[in-house]
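Participant: Using the sequences and the accompanying hints, generate a full structural model.
Here is how the chains run, residue by residue.
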Amino acid sequence: MTDIRQVYLDNNATCKVSPGVVEAMLPFFGELYGNPSSMHSFGGKVAEHVTQARERVAALLNVSPEEIVFTSCGTESDNHAIRGTLEANPDKKHIVTTKVEHPAVLNVFRFLAKRKGYHVTELGVNKKGDLNLDELRAALTPDTVLLSVMAANNETGTMFPIDEIGAIAREKGVIFHTDAVQAVGKIPLDLKKLPVDLLALSGHKLHTPKGIGALYIRKGTRISPFMIGGHQEHNRRAGTENVPYIIGLGKACEEAMNSIFEENNRVRKLRDKLETGLMSQISHAYINGNPQWRLPNTTNIGFEFIEGEAILLHLSAAGIAASSGSACTSGSLEPSHVLMAMEVPFTYAHGSVRFSLSKFTTEEEIDYTIKTVPPVIQKLRDMSPFYDPNK
Amino acid sequence: MWDYTKSVMDHFSNPRNVGKIENANGVGEVGSLACGDALKLYLKIDPATGKIEEARFQTFGCASAIASASALTEMVKGMSLEEAEKITNDDIARFLGGLPEQKMHCSVMGREALEAAIANFKGEKIEEHQDAQVICKCFWVDEHKLREVITENKLKTVEEVTHYTKAGGGCGGCVPDIKRILDDINGKAAESSPAAKPQMTNLQRIKLVTTTIETKIAPMLRQDGGDIELVDIDGFEVFVKLRGACAGCPGARATLQNIVQETLRREVDEAITITEVTK
Chain A
1 MTDIRQVYLD NNATCKVSPG VVEAMLPFFG ELYGNPSSMH SFGGKVAEHV TQARERVAAL
61 LNVSPEEIVF TSCGTESDNH AIRGTLEANP DKKHIVTTKV EHPAVLNVFR FLAKRKGYHV
121 TELGVNKKGD LNLDELRAAL TPDTVLLSVM AANNETGTMF PIDEIGAIAR EKGVIFHTDA
181 VQAVGKIPLD LKKLPVDLLA LSGHKLHTPK GIGALYIRKG TRISPFMIGG HQEHNRRAGT
241 ENVPYIIGLG KACEEAMNSI FEENNRVRKL RDKLETGLMS QISHAYINGN PQWRLPNTTN
301 IGFEFIEGEA ILLHLSAAGI AASSGSACTS GSLEPSHVLM AMEVPFTYAH GSVRFSLSKF
361 TTEEEIDYTI KTVPPVIQKL RDMSPFYDPN K
Chain B
392 MWDYTKSVMD HFSNPRNVGK IENANGVGEV GSLACGDALK LYLKIDPATG KIEEARFQTF
452 GCASAIASAS ALTEMVKGMS LEEAEKITND DIARFLGGLP EQKMHCSVMG REALEAAIAN
512 FKGEKIEEHQ DAQVICKCFW VDEHKLREVI TENKLKTVEE VTHYTKAGGG CGGCVPDIKR
572 ILDDINGKAA ESSPAAKPQM TNLQRIKLVT TTIETKIAPM LRQDGGDIEL VDIDGFEVFV
632 KLRGACAGCP GARATLQNIV QETLRREVDE AITITEVTK
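Note that the protein sequences, when read in sequence, are chains A and B. Per my numbering, residue 1 is the first one in the first sequence, and the count goes up by one each step. Per my numbering, residue 392 is the first one in the second sequence, and the count goes up by one each step.
A hint or two may mislead.
Said to hold, decoys possible - Chain A is faced by these chain B residues, among others (derived, beta-carbon under 7 Å):
1) 452
2) 510
3) 561
What the hints assert, rightly or not - In silico EDC-like links for lysine to aspartate or glutamate, alpha-carbon gap of 16 Å or less:
4) B:513 with B:437
5) B:570 with B:539
6) A:114 with B:605
7) A:114 with B:618
8) B:411 with A:382
Keep in mind that the hints were calculated from the coordinates and are not lab data. The beta-carbon is built from N, C-alpha and C at its ideal position, and this holds for glycine as well.
Facilitator: Okay, structure coming up:
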């Protein structure tokens, strides 16, 4: 075994920047500095590249380029989708989401409930993290204007059936937004077929640097602009375009088109190898989420009787980067809202660790992780008052 | 990442005195799996001299919990019981070169385990403070402990109290109670002393219950994504529907009901009872 010092398995938090993406961006930090809106060749040349980038993002989702709005990040896309929809449809006052959304959605809904008088329904999940679609259907009333359900969960990787959910929303005349930040690039999303009105994605989960996102707005969806000013982005998002990053996102989407197959084969196999390797060596360990219906790159494992922050710090000392839903890592005092909504028992909620891979993860790194994690778990269990090695 | 001192990282990575003492004569156990950290402290005390000859620990918790326990065992070894009894949570934190503010509860846990172990040696029942009211029902912190930690560490804000005791860090329902205790200790007269409430007619009571729920209780619950709906009022019995908020929190439902009931009793009438309507 070679001496591995850095194994990055926290790709649901952010990803390694792709060298191809950086290369595509570089000219736009230098000679290609024109404003794409300008009526001269400096701007015109840049505008061509922005157009191409938009086409590449659109191609990944199989939509029209005019349906793509560039934003600064996934959170902006979610905020735009939710608040823009409500502003453009002011008559209805009920909005529906799930308890396991990313804070970029959940905290917006809670803000709207607290400060703007909206009636909010937060749908719960079962122990595997799945929604009950009958309950979802029943939650949509004539007063419901917006349904926001994530495509895949950032903590567990559990995927929601957005095809069925979108169909229910359409049948009930409710606008459907999906936070697909974790799903885009990892699973194929064909929006020609999926009944989705709004979709948020983030660049840095697709191997761009941080600072770029996009919002898909299906043609005909009633939505107000998030930023008001110039005519950029078809008047839907004013402000001079963040050209280098837009080019980067375009390139990343092009790369993702080519790597989706790899994500679902090589990366999935590595994830499964890691999971099987750990589960077979470590007793009292449980997979959080729905193993049958999950992103190919994510595994979230709860280790009983020990605490996540301690696991992460020991792993970090061994060069492995992962994350945890434990209370102590976040500064809050309770385990993650996702694990709580799934009613994950306290015996392993605090000891839950998420490993998230990417196309850059190697088999050697996974082998090293499979070898390194069990002794860390054992070391912490040996000092835990709740662990009995004979049980 | 937390900004841990070198000493914390050292005691976390190479904890001293891990494990049980088979013939320990002072054992103290605090915390639980649900709370997210726990500590079991074993002491071997020479009954003749009262010196602590050996100290070991088992812990479930984060890096600072492990480091605090390790530090504590190093500190008390060789001490007399009188000396050990004087150790405060701040001493443990200082031994480690300081702890992040949000992690001070780890040092408090160390002090509590020490207290419990010494009491166990002396054959005293660990004071349960059964008369003390449990204030934070998410982390099961009673008023006695709150008062002790607030006084000892000169705490001024609810946030500080949460960092030191965890109380208020779950559903947040006990925050008004923590404020009351802080005000009480720090010398501020409670703002709304429960002055004798005049006799109310049924109609007045119904009105007051309605406005209290609308203006005081519902906004508090909505902060955490919960909500309340007033279904009916029958004399002093109030029927409500509760939604959301701190799902999974141990005793969350009871906590919710308690917040509602306590608030209505304070604002309306001592005799109010809450009944939850589920369907």
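Participant: So, for every hint listed, does it hold in this structure?
Facilitator: Going through the hints against the structure:
For residue 452 (chain B), the suggested interface contact is upheld, since its CB lies about 5 Å from the closest CB of chain A, less than 7 Å. The interface hint given for residue 510 (chain B) is violated, since its Cβ lies 18 Å from the closest Cβ of chain A, which is over the 7 Å cut-off. Using the Cβ-Cβ criterion of 7 Å, the hint placing residue 561 (chain B) at the interface with chain A is satisfied: the shortest such distance is roughly 6 Å. Using a Cα cut-off of 16 Å, the hinted pair residue 513 (chain B) and residue 437 (chain B) holds, with the two alpha carbons roughly 12 Å apart.
At roughly 15 Å between alpha-carbon atoms, residue 570 (chain B) and residue 539 (chain B) fall within 16 Å of each other, so this suggested pair holds. The hinted pair formed by residue 114 (chain A) and residue 605 (chain B) meets the criterion: a straight-line CA distance of about 13 Å does not exceed 16 Å. For the suggested pair residue 114 (chain A) and residue 618 (chain B), the alpha carbons sit about 10 Å apart, so the restraint of at most 16 Å is met. This hinted pair checks out: residue 411 (chain B) and residue 382 (chain A) have alpha carbons roughly 11 Å apart, not beyond 16 Å.
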